[in-house]
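Colleague: Residues per chain, in single letters:
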Amino acid sequence: MTSSTVTPPAGRVTAPRRRRADDVAGLGKARAGLFVAPALIIIGIFLLFPAVWTVWLGMTDYRLTGLQAASPEFVGLENYTEALTDPAFWNSLWLTLIFVVASGIVGQTLIGFGLAWSVRNITGWVKALIEGLVLAAWVIPASVASFLWLALLDRRTGTVNALLGTEGAAWLIDHPMEAIILFNIWVGTAFSMQLFSSALSAVPPSQIESAKMVGASGWQQLRDVIVPNIKGHILTNTLLITLWTFNTFTPYLVTAGGPNGKTEILSVYIYETAIPGGQLGLGAAISLIMLLINLVIALGYVRVAQGRRKR
Amino acid sequence: MIHHSRRGIVAAFAVATASALVLAGCSGEAQPEETEDGPVTLTITANAITGGKNAAEADWIADWVIPQFEAAMEEEGRDVTVEFEPQGVDDENYKTKIALDLQSGEGADIIGMDGIWVGEFAEAGYIKPLSEVAGDAVDDWEGWEQIPEAVQAAVSFDDERYGVPQGADGRVLYYNKTLFEQAGLPADWQPESWDDVLDAARDLKQVEGVTPIQLNAGTAMGEATTMQGLLPLIVGTGEQVYEDGEWLGDSDGLRDALDLYKTIYIDEGLGDAVLQQEAAGRDTSFQLFAQNQIGILLEGDYFWRSVINPAEGVGTAPMADRDTVVGYAKIPAMEPGSGIEGQDFVSMSGGTGRVLNPNSEHPELAWELLAFMNSAEAYEERNATTISITPRTDVNDAILSEDPMLTFVSEEVLPVTAYRPPLAAYPQVSTALQQATLDVVSGSSVDDAMSAYVDAVTDIVGEDAVAGN
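Top to bottom, those sequences are chains V and W.
For the first sequence, counting from 1, position 168 maps to 168 in the UniProt record's numbering; every step adds exactly one.
For the second sequence, counting from 1, position 14 maps to 14 in the UniProt record's numbering; every step adds exactly one.
If you're looking for bench data, these hints aren't it; they were derived computationally from the structure.
Being a predicted model, the structure only gives us computed values, none of them experimental.
Incorrect hints may appear among the rest.
Stated by the list, open to error - Derived coverage of chain W by chain V (criterion: at least 3 residues anywhere in the stretch with Cβ under 8 angstroms from a Cβ of chain V; other residues may be distant): (1) 91-99; (2) 272-286; (3) 323-329.
To be verified - Computed from the model, here is a short list of chain V residues facing chain W with C-beta under 10 angstroms: (4) LYS29; (5) GLY132; (6) ALA151; (7) VAL160; (8) LEU243; (9) THR255; (10) PRO259; (11) PRO276; (12) GLY277.
Glycine included, C-beta positions come from ideal geometry on N, C-alpha and C.
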């Protein structure tokens, strides 16, 4: 951070230094390339090849079973037009947006920050207990967590119905989106909490003390001292949470995309299309669309981050 | 120089390691060469698991088939180990799993599957005709003479045998005699029309805490919705899902069937519509029936044998008083005489079977095992605890009289039953039909559900192949 804000002196003086930085080990390009080659080959095989393969699959009518499984035909962009004109796809994208905003950006980030903020001055066992409970939700395997939630929300023998006296309320049928949003907040808040906890502890106490001395209220301290100090963390956290929430498949274990597609977020929609639905070609096409959306989110983040650094 | 060459070696080593990794990833596990007499391992997979789904079949494979076959092989001086890979999941998930296994050239040597998947698996090249996989021994097998053509057809495609059927089944209306008594209905019940069924359901509605009727609907139940729901209704209107080279389109019969769903679930609240949308709805319907909370349930004889069977470790929702409390009746046509072929009563039959994996390394031996599993002796053992209708006439003649329910299916239901079209497109059309029932039970109008169905089926098979277009 500091080095990039220092304006490098222009001219010859820095030139040789830069050259040396390009080739610290003195290997030369060819030999350096050989060293990187294994990594590149592995990335190529396991990352690039599947991506290219997905592009190719997305342009065929390949299916899991039947004639098109034995001899798929090239259909060009048909899968993409089919996906983009299918109301089910747009519905799924819309559900994904709601899911990401409500459970990821708003839910996990705000609650995570709120928890980190409220336990920052507590010490001892209370803090350990709160952090432990939140972390527990994060470390429990997804399959176990989803089973817990099924038991919690079950229509006939669910804990929630027993506690609230709402016997027979089918939460997962009547409020499926709310259920998976709460579920995802529960699962993921620990990450934000931990990240913000460490960010808050890095805020210089002198700045907070100065703010207090000039009579800043709690809200003013938060707005003018804390947030400017942890902006980078907020950005990183938001990006990671957005991408994770966008790509998560765990809600499938709770609602299986149902009832009638009401919780079919994009990852679930692709799975339903490609595997049980057997339309691997169409599934690949939608996967590529999803990949592009991921790239756009990541690029957007990089731009914002760069803009911050320039300032 | 030494300096340089060492670097070169390091780099070359790194590249070699990477390519070795890559090659290992591509070729899968290396298989040691095996001679004819060396130790051989065969695997069987089925959607059956001890203590869970189809437990009787799983126990039979693990406790009888495997030890008996291994012993028989040992007598011939061959070292054969047989492994069973149990599964206990929804049929749709099981189908996905074996499709992926076969697609990647892996999978068990003997695979249990629903007969209706045979078409699409065969077209995909995942499975091959038995005689192509295992040679002449297949056609010489004594068992074929004992298995009626119609039963063989359940796991055949394009007039070729792809597997050995495991049996025949039929669908009936199960009803709870205790609840019927409370509702003032006769213990010996046989409805003659859909209206009779609805009337009984209306009487049952007066009994507190009881869901009068549960008619499978929705996509979560998969093929159970079509086989134990919509298809028996459609044949009761005199129509079929595939007839004269055309698939069912917007027709009076389908409309009547969807109307019945609407009457039961929406208009009169005779069934629990929410249950049909739950992810584990079918299992829940089994539990509720076993707990005397559902009056009437349309199910196959599987329900009698493997779900409410009180024998220890056999049923997934055992009913201790099954034989006295649970009644069964033939499924009526919409009105007397309105069923296919002018029938008063209808049913649907399918059949599961076992196929050979074409990727098997020991196809001939796998066939020996498969034939062994389908020998008369094996079926007698299989039916020692739970009786089911076997594919073999010789065995059926000997055992069926022991179980009144299966005698009923064999004598009363199988003569009026219908089969699904053995075509690769059927499973997709079936999904479209399931979606139509889901639309209706979640509140759409029959018109909307119908037009969505017609769009879907047109997409699947093309406009010319849909009746009424």
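Colleague: Does each hint hold? Answer for all of them.
Modeller: Going down the list of hints, with the structure as the test:
1. 91-99: Satisfied; 4 residues make the cut.
2. 272-286: With 5 residues in contact (Cβ-Cβ under 8 angstroms with chain V), the coverage given for the region 272-286 of chain W holds.
3. 323-329: With 0 residues in contact (Cβ-Cβ under 8 angstroms with chain V), the coverage given for the region 323-329 of chain W is violated.
4. LYS29: violated (13 angstroms)
5. GLY132: violated (31 angstroms)
6. ALA151: Because about 12 angstroms separates ALA151(V) from the closest Cβ in chain W, which is outside the 10 angstroms limit, the hint is violated.
7. VAL160: violated (16 angstroms)
8. LEU243: violated (27 angstroms)
9. THR255: Holds - the Cβ of THR255(V) comes within 10 angstroms of chain W, reaching about 7 angstroms at its closest.
10. PRO259: holds (4 angstroms)
11. PRO276: OK, holds: PRO276(V) within 10 angstroms of chain W, min 6 angstroms.
12. GLY277: For GLY277(V), the interface hint holds, since the closest Cβ of chain W sits about 8 angstroms away, which is under 10 angstroms.
Of the hints listed earlier, those the structure fails to meet are numbers 3, 4, 5, 6, 7, 8, in rising order.
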